[in-house]
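Peer 1: Residue numbers (the numbering used here), protein chains in the order written: chain X, 1 to 202; chain E, 1 to 107.
A few of these clues could be false.
[As the list claims (entries may be wrong)] Taking beta-carbon pairs under 10 Å as the criterion, some of the chain E residues facing chain X (in silico): (1) Phe-21; (2) Ile-25; (3) Leu-32; (4) Gly-35; (5) Phe-42; (6) Met-65; (7) His-66; (8) Ser-70; (9) Ser-72; (10) Ile-80; (11) Tyr-82; (12) Ala-92; (13) Ile-95.
Hint data in this document are derived by calculation from the structure and do not stem from the laboratory.
Just so it is clear, CB atoms sit at the ideal spot from N, CA and C, and this is done for glycine as well.
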Amino acid sequence: MESVEYSPNTPLEYQSETGRLNILGFWVFLGAEIALFSTLFATYLVLVGRTGGGPGPEELFELKGVLIETFLLLTSSFTCGLAIHYMRNHSLKGVFLWIGVTLALGLGFLGFEIYEFVHYIHEGAALTTSAYWSGFFVLVGTHGAHVTMGIAWISLILIQLKQRGLTPDTTRKVFISSLYWHFLDVVWIFIFTAVYLYGMVM
Amino acid sequence: MSNNEQTNSHSHFPWSHLIGFGLSIVLTLLALWVGFASDFSFRTIMIIVVILALIQAAIQLLMFMHITESDSSRIQVGTILYAVFIAAAIVAGTIWVMSFGMHNMNM
């Protein structure tokens, strides 16, 4: 590949060597995250059915709550994509608006998830109840912890964006955090399928 | 491969995002229908919904995350495909090994 430098149309986040390498590095990190979550999925799936006489998922899972969480996170992934679209049209306002919506939806997701966890614990299904619920809370909880992390991280980036505007540095940070956010939705698709659908259809 | 590809969509309506979002919703509803309203066997249901999940993950990677847009797109796609292989090996391998001789256990 010849070393033609970027056209003026190239997104800001790709205009520096650091930006390009950071983005590539983040994709490698996401590869490691896939491996991390796969071990939790494997553990969970092996422990399905090991409820030790306690409540099972078919008694506690409720489709309505799961669907609300799923559509909140799915929509937040979409609005996060819109934020990047506006960022590339150099619209700082658009970025703030859509990242704001994304964070609000993310918080909504977290709220419903915490409510769901508290509900399970009240029904006698806690982390220490049985092997099954340990696997459940560790898998779904690790995802929830990632979402919490993402909300805090993106909020900090918004502050920097407010201070410095759209520069190659700040756009790189926004873009990388958007990859992280989309990735969390990808993980949720598999949690929805392997944990909730599986648990309710079984 | 150039890192300018996505710029074609500059200042246009974000169609690819909208289509990706629509497809994700359709795939989620389809998975629900297969799970709760179809007459397939449990095994068939799980195979179909896992395939639907994989398609939806691919949509996220291609239409939202633009995995193919940069100069390093081949490395990025290679990394993710390798990670997916590792994940499949870990999950399938673990289930296979751990369910060995299960029928002898008193559960």
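Peer 1: Each hint should be assessed against the structure and marked as holding or not.
Peer 2: Against the structure, the hints come out as follows:
With a least beta-carbon distance of about 4 Å to chain X, the hint placing E/Phe-21 at the interface is held under the 10 Å criterion. The restraint placing E/Ile-25 at the interface with chain X holds, with a minimum CB-CB distance near 7 Å, inside the 10 Å limit. Interface hint at E/Leu-32: satisfied, since its Cβ lies 8 Å from the closest Cβ of chain X, which is below the 10 Å cut-off. Hint status for E/Gly-35 relative to chain X: holds, with the closest Cβ pair at about 5 Å, below 10 Å.
Satisfaction of the interface hint for E/Phe-42 is found here, the shortest Cβ-Cβ separation to chain X being roughly 7 Å, below the 10 Å cut-off. A cut of 10 Å between beta carbons decides the hint on E/Met-65: the least distance to chain X is about 5 Å, and the hint holds. The restraint placing E/His-66 at the interface with chain X holds, with a minimum CB-CB distance near 8 Å, inside the 10 Å limit. Satisfaction of the interface hint for E/Ser-70 is found here, the shortest Cβ-Cβ separation to chain X being roughly 6 Å, below the 10 Å cut-off.
The beta carbon of E/Ser-72 is positioned within 10 Å of a beta carbon in chain X (closest approach about 5 Å), and the interface hint is therefore held. Because the smallest distance between the Cβ of E/Ile-80 and any Cβ of chain X comes to about 6 Å, under 10 Å, the interface hint for this residue holds. Contact between E/Tyr-82 and chain X, as hinted, is supported at the beta carbon level, the nearest pair being about 7 Å apart and thus within 10 Å. Hint status for E/Ala-92: holds, given a least beta-carbon distance of 8 Å to chain X, under 10 Å.
Hint status for E/Ile-95 relative to chain X: holds, with the closest Cβ pair at about 6 Å, below 10 Å.
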